[in-house]
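Undergrad: Hey, can you work out the whole structure from these sequences and the hints?
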Amino acid sequence: MKAVLKYAIVVAAGLLLAGCGYKVNYSLSGASIPPDAKTFSVAYFPNNAPMVAPILSSTLTDALRDKFTRQTRLTQVDEGGDFAFEGEITGYTSTTASVSGSSETALLNRLTITVNVRFTNAVDESMSWKKTFSAFEDFDSSKLLNEIEGELIPQIVDKLVTDIFQASAANW
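In full-length UniProt numbering, the protein residues as written are 1 to 172.
Note that these hints are calculated values from the structure, not bench results. Cβ coordinates follow ideal geometry from the N, Cα and C atoms, glycine included. There could be a bad hint or two in this list.
What the hints assert, rightly or not - Straight-line alpha carbon distances no greater than 30 Å define the calculated BS3-like cross-link-like pairs of lysine-lysine that follow: (1) K131 <-> K159; (2) K38 <-> K130; (3) K159 <-> K143; (4) K130 <-> K159; (5) K67 <-> K159; (6) K38 <-> K67; (7) K131 <-> K67; (8) K38 <-> K131; (9) K38 <-> K143; (10) K67 <-> K130.
Claimed, not checked - Cβ-Cβ distance ranges computed for the label pairs, FRET-style: (11) V77 <-> V99: 27 to 33 Å; (12) R73 <-> T93: 36 to 42 Å; (13) M127 <-> E147: 37 to 43 Å; (14) E151 <-> R73: 18 to 24 Å; (15) Q155 <-> P35: 30 to 36 Å; (16) S32 <-> P54: 16 to 22 Å.
TA: The structure is reproduced here in structure tokens:
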């Protein structure tokens with residue numbers, strides 16, 4: 001009986017708030033997008049890093065577009081979206097991540113990708129920003145970068161896109 005009463009109170013409170021015009025904005029993806037925002041645009045991210053991977057620019061650009069298409073209610077437009085992204089890839093580096101203590105040989109190498117992003121929130125300019133994002137993956141030093149980058153780039157891009165999404169749509 002008490003459970004039914006608690007349930008009835010929760011339902012009544014929800015109906016009361018809904019009837020008063022109070023709007024709750026939630027999403028299972030963690031996005032917190034203003035109701036006035038309707039569109040998004042993602043400009044092509046050129047690769048301006050000293051070392052270039054041919055697939056990186058298109059992989060990053062497409063992944064960011066896909067993330068917003070799948071996880072928000074926003075409609076993609078070519079340019080001038082309510083949420084607009086532009087930027088460039090500024091770093092693509094392979095460094096030693098771990099060294100064997102006895103022989104001082106590399107055990108792991110690390111591929112790091114760095115991206116400058118400019119986010120414009122046309123609905124609320126105070127939420128616009130310019131930030132640098134960086135992510136990496138380690139790989140066995142016995143493998144050459146050109147042998148493994150096709151596997152590593154999508155993994156790193158996924159991390160970057162998640163960070164960019166959270167910074168712009170989730171306000172984290």
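Undergrad: Next, verify each hint and record whether it holds.
TA: These are the hints, each one checked on the structure:
A distance of roughly 15 Å separates the Cα atoms of K131 and K159; the hinted pair therefore holds under the 30 Å criterion. Among the hinted pairs, K38 with K130 is consistent with the structure: their alpha-carbon atoms are about 22 Å apart, no more than 30 Å. Straight-line distance between C-alpha atoms of K159 and K143 comes to about 22 Å, which keeps the hinted pair within the 30 Å bound. About 18 Å separates the Cα atoms of K130 and K159, which keeps this hinted pair within 30 Å; it holds.
Using a Cα cut-off of 30 Å, the hinted pair K67 and K159 holds, with the two alpha carbons roughly 12 Å apart. For the hint pairing K38 with K67, the CA-to-CA distance comes to about 15 Å; that is within 30 Å, so the pair holds. Only pairs whose Cα atoms come within 30 Å are accepted, and K131 paired with K67 is accepted, the gap being roughly 18 Å. Between the alpha carbons of K38 and K131 the distance comes to roughly 23 Å, so the proposed pair stays at or under 30 Å and holds.
The straight-line distance between the Cα atoms of K38 and K143 is roughly 45 Å, outside the 30 Å bound, and the hint therefore fails. Proximity of K67 to K130 is assessed by CA-CA distance (about 19 Å); at most 30 Å being required, the pair is judged to hold. Between V77 and V99 the beta carbons are some 49 Å apart, a value that contradicts the proposed interval 27 to 33 Å. The hint said 36 to 42 Å for the Cβ distance between R73 and T93, and at roughly 37 Å that hint holds.
For M127 paired with E147, a C-beta distance near 42 Å keeps the hint of 37 to 43 Å intact. Taking 18 to 24 Å as the suggested C-beta distance range, the pair E151 and R73 does not conform, at roughly 33 Å. Range check, Q155 to P35: about 34 Å between beta-carbon atoms, so the 30 to 36 Å window is met. At about 36 Å, the CB distance of S32 to P54 disagrees with the hint of 16 to 22 Å.
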